[in-house]
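Visitor: Residues per chain, in single letters:
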Amino acid sequence: MTEFSKLSISSAIKGLNNKDFTSVELTQYYIEKIQENSNLNCFITPTFETALEMAKKSDENITKKKQRSLEGIPIGMKDLFCTNGTRTTAGSKILENFIPFYESTVSENLWNSGAIMLGKTNMDEFAMGSANTTSFFGNVINPLNPKSSKNSELVPGGSSGGSASAVCSGLCMGATGSDTGGSIRQPASFCGIVGLKPTYGRCSRFGMIAFASSLDQAGPITKTVEDSALMLQSMASFDQKDSTSSRKKIPNFLDFKNIEIKGKKIGIPKEYLIDGLNSEIRRVWDQGVNWFKSEGAEIVDISLPHTNSALPAYYIIAPAEASANLARYDGIRYGFRENEKDIKELYEKTRGKGFGKEVKRRLMIGTYVLSAGYYDAYYLKALKVRKLISNDFEEVFKSCDLILTPTTPNVAFPIGEKQTDPIEMYLNDVLTVPASLAGLPAISVPSGFNDEMLPIGLQIIGRPFDEISVLSAGSMIERLRGF
Amino acid sequence: MEYLIDGSMNKWELILGLEVHAQISSRSKLFSEAPTNWGADPNSQVDLVDCGMPGALPVINEYCVEQAILTGLSLNARINKTSIFDRKNYFYPDLPQGYQISQFEYPIVGKGFIVINCDGVEKQIGITRLHLEQDAGKSMHDQEVESSFIDLNRSGCALMEIVSEPDMRSPTEAAEYVKKLRNILRYIGSCDGNMEKGNLRADVNVSVRLPGEELGTRCEIKNVNSIKFIQQAIDYESKRQVEILESGGSIKQETRLFDPNKGETRSMRGKEESHDYRYFPDPDLPPLVLTDEKINKLKKTLPELPDDKKKRLMSEFKLNDYDAEILVNDKDIAEFFESTVCGRDGKIVSNWVTGEVFSYLKRIEKNIKESKITSNKLGGLLDLVIDGTISNRQAKEIFEDFIDSDEDPRKFIQERGLVQLSDMNEIENLIKSVLQQNPKMVEDYKNGKEKLFGFFVGQVMKVSEGKANPKIVNETLKKLLK
Amino acid sequence: MSIDNSTVKKVASLARIEIKSDEEDTLIKELNNIILWVDELQKVNTDKVDPMLSVFNESMPMRQDIAKSNYSNKLIMKNSPKSNSGFFVVPKVVE
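Protein chains in written order, with my numbering: chain A, 139 to 621; chain B, 123 to 604; chain C, 469 to 563.
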């Protein structure tokens, strides 16, 4: 009997096609795992019945040799993607009972590829958070523990914390995430798995509940780089329902295997050596540089001078967009409603009670920076800084092909930490936000551990629409890291 | 003539600017595929964007963009090759996204102008801009005492907001401006101009000042939906402002509502506080970039506009300014005139259209398209007048019955024995017998009493039972009386 | 620039969020910290820099004007907290 817990998506596909096991068996296994690990709180809404039905259908397809690219592969779906007939909450009380009657393009693409939905994964409320502590449905627990205190519970990162924790603890083969400022890469790094944020425009945003529309991008969270390529292949599409969906040709992402690292120029940005960068992370970063050297890549020292400004700019732009994106949650057409006699009170009580603290904080900031008298000083200024950051990347990509950085300044921290000062939480994203602002593809790949055996991820940033090179570099790390 | 408001102390000048909202006659909405049919069941023409569902995204309707460009071109305006959609943020139950997608800093159409005609005097009114935006849904307040009902069928319909310069100085000018604008929109077909259905509605900015002084504080009267109401609202509002100013008060800049039943404007409660709209570029929509090629291609499809048509009708058919103006003021009438005049005398057709046709339409309270009048019918009837088969007077008498019937004009008059007597010999015989019976009169006439000519004509018409062709009677009489 | 009590009230009203009086002080402090922190941006020289509206640099896709009734009234109303005869119902709105 196959040891399911060790299976990657690519090996499961082989096993299914070989008839070593059925999709129903595989799905049943994951259902049991989810039930056994319900304490991790990875899923907001499990969809086991649907999963088994889908698995049955997949087995039929496999028998008829009509299998599609992800036929029979059980995955988790971040609860930010609207799923037709299945409750979709975005981790918020305000959508606690919302059942979409339409399907997001990304999830539809995955189902059309034969993937199986095990359930909707937990997340920070409206994807606003870096520790999965802002979810109305409770925080998610990272299955990994520090070596010296096995009972200490750590955050999985966020906002795709449910997806990351579920993949890490083997509750699904892969999961979808969404990344606005690091929400795929940071939890992947905290959980020791792979997270890929594609180029902005690669995956449709239709049906994905918006946080900050100019930044939001869906991507896969998986155990291996190859699995990320497989999932992205299904997720990516040009979509006429999204005016910011790219018409650029979608390559075969598995071609990353044919890309040589030898001769590639790898940029190391000095500005990412920030104050407060954990020394063990720095060590892994240096190790990463050596791996690239050993493969014949050329290491280039580069400068991204506006890196420091990225996080403040992000914390103006993203809340500003969110303040409008979340205005529709007013208790009138769907969602939570606090009944009042006066319409303004209805709005204020509905939103006051329906949104959690962090969301309200960001809506306040976003409203403030757009309001009369502050627009130029904050919002417009941030858009200009965003341009400078984007220019920085454009400039360095003239002299290098990929950029190697750590994903996060620190490893996963205990639940309950960084809860008093919001900015301390925001700093988690300091290394992931610049690529988000520039819309670039970036991956986080587990590359080492600290002395507490907590995972450390390295981030590889590529040119627009060059996910293949990013995947190739990620796979090289996977090969050389020695675990 | 200058229009001034007589206050108790001074004469005040009226300054008017209009923001007209014109719904584009498109099949689907500006950013969604939902249909735009009028009068459908509530919330039955609603797509995800139109009710602000989570994850809904806007995709623009190309036809609406083209109609905005065409309208801009017909307003002599600059088309901006790059325009940007913004979110205008405010909370209202009929605004499901919590923002309206509109255009703020970079509208699709820039400065232009139109020419209005007030009592024969032409005046140019500046157009500040035209932009595209989503309409809101509808709130209904009469169904229940304690609640309002929301219907989102109109939510997301495409609107063109056309903003004028504060160039109008009287209620009549404002009315003429709206009429002219509506006419242009109908000519190009971008909006049906139906004010009753709310497909065209105006926000009127009113302020007053002593002639020569700085502009005064303005009030905006929202959503006035008929030309008559626009005039009434301006009338009331300007007098209200004059009264306040003359009694030492000052005008508060605010949004007001016109109540057609009372003929008054009143302050809109609660609209003031939410005036911080926090416009910012909609991140769901890239900039709208237009090519010269596209603009030029559309330019070529522009139909002849009212001003040009008027000039042509005047020169081609020798019509006077007044008649030509009346004809082009209604696109359907202008089209009807042109298809009727084809091969016929312009003056006759124009007289008939502005005379008989207009009074008939007024009586039956329909427009030309709804009526049974067709170019073929009127043309057929006029041909019988022109070739002398019946007289103009006869034609007028039978006009309405003829239109209501579905008969061929020749058959219609034959059945009623109306065929005009045009046989020269027969007419000559009739005249001769009349002259023979009145020898004294003939003599008097020949001695210089030329007034008697009319008497002879009358007698001939009488004996012919009105059927004699008056033109032939005239000519033959003159010949025989020489 | 700093956010005081009345600014918070104004912003909360614009955003239609009820702020309980016991939350107010903490919120003011947090918001001020955040604003102070993002104020760092004022040090960046952005003269002659165009604002970046989006990283997406492809042209706006356009739809043909074809009407489709994709969703019935029943679906549109499916999640509504309060409805009547196919309408959404809200407390009386006074204009």
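It is possible that part of the hints are untrue.
Label-pair ranges, simulated between beta-carbon atoms [to be verified]: (1) A/Asp514 to C/Lys546: 37 to 45 Å; (2) C/Lys546 to A/Ser176: 53 to 61 Å; (3) C/Gly554 to B/Lys319: 19 to 27 Å; (4) B/Glu365 to C/Leu543: 35 to 43 Å; (5) A/Pro389 to C/Leu543: 35 to 43 Å.
Don't read these hints as lab results, they were simulated from the structure.
Built from N, CA and C at the ideal position, the CB exists for glycine as well.
Visitor: Assuming the hint says 35 to 43 Å, is it satisfied by the Cβ distance from glutamate 365 of chain B to leucine 543 of chain C or not?
Guide: For glutamate 365 of chain B and leucine 543 of chain C the Cβ distance comes to about 54 Å; the hint is violated.
Visitor: Do the Cβ positions of lysine 546 of chain C and serine 176 of chain A conform to the proposed distance bound of 53 to 61 Å?
Guide: violated (29 Å)
Visitor: Measuring from beta carbon to beta carbon, are glycine 554 of chain C and lysine 319 of chain B in 19 to 27 Å?
Guide: At roughly 20 Å between Cβ atoms, lysine 319 of chain B and glycine 554 of chain C fall inside 19 to 27 Å, so the hint holds.
Visitor: With respect to the beta-carbon atoms only, verify the hint that proline 389 of chain A and leucine 543 of chain C lie 35 to 43 Å apart.
Guide: Between proline 389 of chain A and leucine 543 of chain C, where Cβ atoms are some 37 Å apart, the hint holds.
Visitor: Return holds or violated for the Cβ distance of aspartate 514 of chain A and lysine 546 of chain C against the range 37 to 45 Å.
Guide: holds (43 Å)
Checked against the numbered hints given earlier, the structure breaks hints 2, 4 and satisfies all the rest.
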